[in-house]
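Asker: Using the sequences plus the hints, can you model the full thing?
Residue numbers (the numbering used here), protein chains in the order written: chain W, 4 to 355; chain S, 884 to 1177; chain V, 91 to 481.
A couple of the hints might just be wrong.
Here are the simulated DSSO-like cross-link-like pairs (lysine-lysine), alpha carbons at most 27 Å apart as the crow flies [what the hints assert, rightly or not]:
| no. | chain 1 | residue 1 | chain 2 | residue 2 |
| --- | --- | --- | --- | --- |
| 1 | V | K288 | V | K259 |
| 2 | W | K191 | V | K194 |
| 3 | V | K434 | V | K382 |
| 4 | S | K1008 | V | K469 |
| 5 | V | K155 | V | K165 |
| 6 | V | K288 | V | K434 |
| 7 | V | K284 | S | K1008 |
| 8 | V | K418 | V | K155 |
| 9 | V | K259 | V | K284 |
These aren't lab readings, by the way, just hints derived from the structure by calculation.
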Amino acid sequence: MPHDPRAQLVEERPKAAFLGDLGALVRRLPRARLTLALGLLALIAVPWVVRDPYLLHMINMALIFILVASSLNLLVGYAGRLNLGYAAFYGVGAYTSALLTLKLGWPFWVTLPLGGLVSLAVGLVIGVPCLRLKGPYLAIATLSFGEITRIIAHNWDAVTNGPLGVRGIPAPNPIPIPGLGTITFVSKTNYYYLLLVVVLLCLWGIRRLIQSQLGRSFQALREDDILAEHVGINTVWAKLVNYAVSAFFAGIAGVLYAHYIRYVSPETLSLGESFTMVAMVVVGGMGTFTGPIVGAILFTWLPEILRVAASYRMVIYGAIMMLSILFMRSGLVGAYATLMERWQHWREGRTP
Amino acid sequence: MSLETLLGQQILNGLVMGAIYACMALGLTLIYGILDQVNFAHGEMYMLGAYAVLVFSSWLHFPYPLAILLGMVAIAILGLLFEHGIFRPLRGTPELNTIIASLGASIFLWNLALVVFGPIPQELKTSIAFQSVQIGPLSTSVQRLLVIFVSVGIIGILYLVIMRTRIGKAMRAASQDRDIAQLMGVDIGRIAELTFMVGGALAALAGGLIAPIFLVYPSMGLMAAQKAFVVVILGGMGNVLGAITAGFFLGVVESIAAGFVSSQLRDLFAFAILVLVLWIRPEGFFGRTAKKGG
Amino acid sequence: MNARRRSVLVLALLVVLVPLVLTGCGPKAPASVRLGIVGPFTGSVAYYGNLMKQGGLLAVDEINKAGGVNLGGKKVPIEAFPVDDAGKPAESVAAVEKLITQDKVVIVIGAYLSSCTLANLEVTGRYNITQIVPIAVADAITTGHPWVFRNCPNQSMQTGQMAVWAVEKSGLKSFALFLQNDDYGRGGGEVFRKAAEKAGVQIVTTEYFNLGDTDFSTQLTKIKSLNPEGIFLVALVTEGSQIVKQARSMGMTQQFFGLGGFASQKFLELAGDAAEGMIHVSYWEPDPNNPKSLEFAKAMPAFSGMEAEMFSAATYDAVYIAKEALEKAGCASQEAECQEKIRKALHAMDYMGVQGRTYFDEEGQGQLCFYIVRVQGGKRTIIDKACPGGS
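Answerer: In structure tokens:
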């Protein structure tokens, strides 16, 4: 294989990439394929095992945020471009689809990708001025954009209905299947399958992007973007694509959210939401594939688990964020991988 | 009320907020200028400063000026804790880490205050706070005048210290080039501690001065920090004079814009200005202090 | 099995097992009358949310002490399920989902904030569960929602009456509007504007502030410069108390008018002397003409340590109204038939409670009287009473 200078810039993260080699594993080991099939089966069987609609609700919310966290991870984890106003992309997608379906009667199946595209456009509008910003400047700029979007949603009564938000958002249009009847999406079970399909598709897309040439140049951006320019990576193009894709998937997640909860308000775009999204990525494990998934599940379920300690919940969030950066730089996923390695070594040490 | 009087009144109001912004921004810009690190929990130092002064003055019944002094000391100590606990271990690692760690600290602190002090805003009663004062056609309160004069005074003293004393020289040297300053014998560790303590004390001063006018509540640091960041960028990150000037500037502009254009979009102005500056001239009006590398 | 494959399985199983482990398996069997109370028990308006909760729990306590709800001859105790929504609409939705699907409540009482209520009534609507709203005032809550009932006056009612009182009975001829920058404030402003037009009274300016603002000097300066006789203030306690304080400290002497949000001890505490003379709406006062209200005023601090205020009074009444409706309907289940009976009972109800007389119109909007009060000597004094149908 010819020496690719760009490969030098990509920091190897073998510890946390175990799931990343799944593709290779599947091809080589039939046993891995079986495991994958079992995993998928388990996911499909979820609504049959989990009968309680409230628990299913929590799983659905987790799925939505898995998508959010994974796409934010593209921005923060892989390209190293912090964004403290991410809820804006998510919110724009949500509002767009909500308003188009409610006020203009457009079908969900059209507004789903449309919401993503509008978010993509907003992402570019925000991304272009931010291109040459780094570090704290970027953080504050994205925070400000997030706030500006929220303030607009709050004040633009005519369109967004202001602080009272948009209610009564319709569920996705039923799909008629010739001979079998129609599939509606009002029940949590059916919405679960919708989410499963869309989210898995998007995750697959994100995975492919990360593994592509373009994806590797994202990582080059994170490490040292001046050097990246020098070895021929078009950093402007890479940054723009990164922003656009990340915003697109956030928009999709927003649409899925809007038609599930059936209500959006400026609260959805708040600073607290943006911070929680960052926490999901950071605590889960920045720059890994499974990290945001773990982080999203954790932070979606934490409020419910901590219902008992309700007022302490945010205190714990903040503490977790601080401590994970200080002690678990690669997040939970990295810490787990390290633990597994150590255990592996210990076991190997014991075998004669 | 004539137009000039109205304008004058709005400007006077703006100077009060401007003084607060200047105090907050000064601390932030010092930390960034000298240590290259951003403290996203700066707003919480302001908030905790206000609560500290509240505790000392309303609960423990110390006289107000003493309470402010004690508050400044308390938050200076907090600044020291920040330095050692968060910023020192992360110095040299990617910027993302300090940003997120201090963000976590911010969320932790303001929610802790929420749990400890409760969400209901509390009052800091002083005997003179609301007494009205007339300056020609303009009216204001004693406390507001106090805010302006005390902040300007403290800022002035700080400026002199930075410009004229040895410690100040060391700080300026460190802000220009940390490595060379270290080679020249400047104890960066000490300077770092000092910077955080000063930043904390300034934030506490701002909080303590403004508390009798507004109320004290746990989320008061959030908006204050956002505005402080806008000011820091306007004035150029690391630029002391820039932070001071931009602080007063933003306070007055906000006041005039909200008063004459629309009070509905008041907060929007600050963000819009920020976006404009970042787009056109990210170094701010005064530009950054010279820094090594990129 | 190596570490990698193990991890895949763990991840897949996580999604399935953790929820089960967390909250136990299977639904619980109902053996009491289950009432849900949703409100902000944490967050920035927790003080009022807790007043709500305690008022409701006091009613539950009293009813259970007397045996419970009389369903077809048998007395069944009430089991109350207070759930926190932290003042956030999305959480309110999740909270009500939990109340209906996990706790199997028969009636949902709540919420406090209009935004939360508008969000969570979509949930009660979807499951066809009756909802009684004790506090949130947005008009849209009862309009077009036959399963929602509200036992307090809505935005138009209280604003309309206050506006009419201000422009007709106060004798003042010019006003400034100072409004919270959201539906509550802007809606209130609209109503006042219409009343002012009708009475031929002038509005010199309309200023806005945002929730969370602390400095109002800019807007107050502008208002002062235009010298109106009265100021119509639509704000909540935190901002409102600051506004009157800052206004007085600027030497402004205008007469302030306000809505029901100011009827709280907290406002008097925070505003201090600056509140003196302010005229505003109050949904509930200890009224010598209503002995129940006086009893309630004593019972609340004894039960919860908190003062009796309108938030607790409204929720207290809501619980009793729920009890009455259940007894009339003779059932307490989530089934559609039972829910229909409950709603019929509510429409037919004419209840005398601590808030006075409550009955519901066709939209489910409660028709109650409320008071106009003036702050005198640090206390609220009733100066007038407004009843539905105008009087």
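Asker: Compare the distance between the alpha carbons of V:K155 and V:K165 with 27 Å, and conclude whether the hinted pair is satisfied.
Answerer: Holds: V:K155 and V:K165 sit about 11 Å apart, inside 27 Å.
Asker: Need the status of pair S:K1008, V:K469: alpha-carbon distance at most 27 Å?
Answerer: 20 Å, holds
Asker: Mind checking the alpha carbons of W:K191 and V:K194 for me, to see if they're no more than 27 Å apart?
Answerer: At roughly 17 Å apart (the allowed maximum being 27 Å), V:K194 and W:K191 satisfy the hint.
Asker: Straight-line Cα separation of V:K288 and V:K434 no greater than 27 Å?
Answerer: Violated, at about 38 Å.
Asker: Would you mind confirming whether the straight-line C-alpha gap from V:K259 to V:K284 stays at or under 27 Å?
Answerer: Holds: V:K259 and V:K284 sit about 16 Å apart, inside 27 Å.
Asker: Between the alpha carbons of V:K434 and V:K382, is the straight-line distance 27 Å or under?
Answerer: Within the cut-off at roughly 26 Å; holds.
Asker: With the threshold set at 27 Å, check whether the alpha-carbon distance from V:K288 to V:K259 stays at or below it.
Answerer: Answer holds: V:K288 to V:K259 is near 14 Å, not above 27 Å.
Asker: Is V:K418 close enough to V:K155, meaning Cα to Cα at most 27 Å?
Answerer: Answer holds: V:K418 to V:K155 is near 20 Å, not above 27 Å.
Asker: Given the hint that V:K284 pairs with S:K1008, test it: the Cα-Cα distance must not exceed 27 Å.
Answerer: 40 Å, violated
Against the hints set out earlier in the document, violations occur for numbers 6 and 7.
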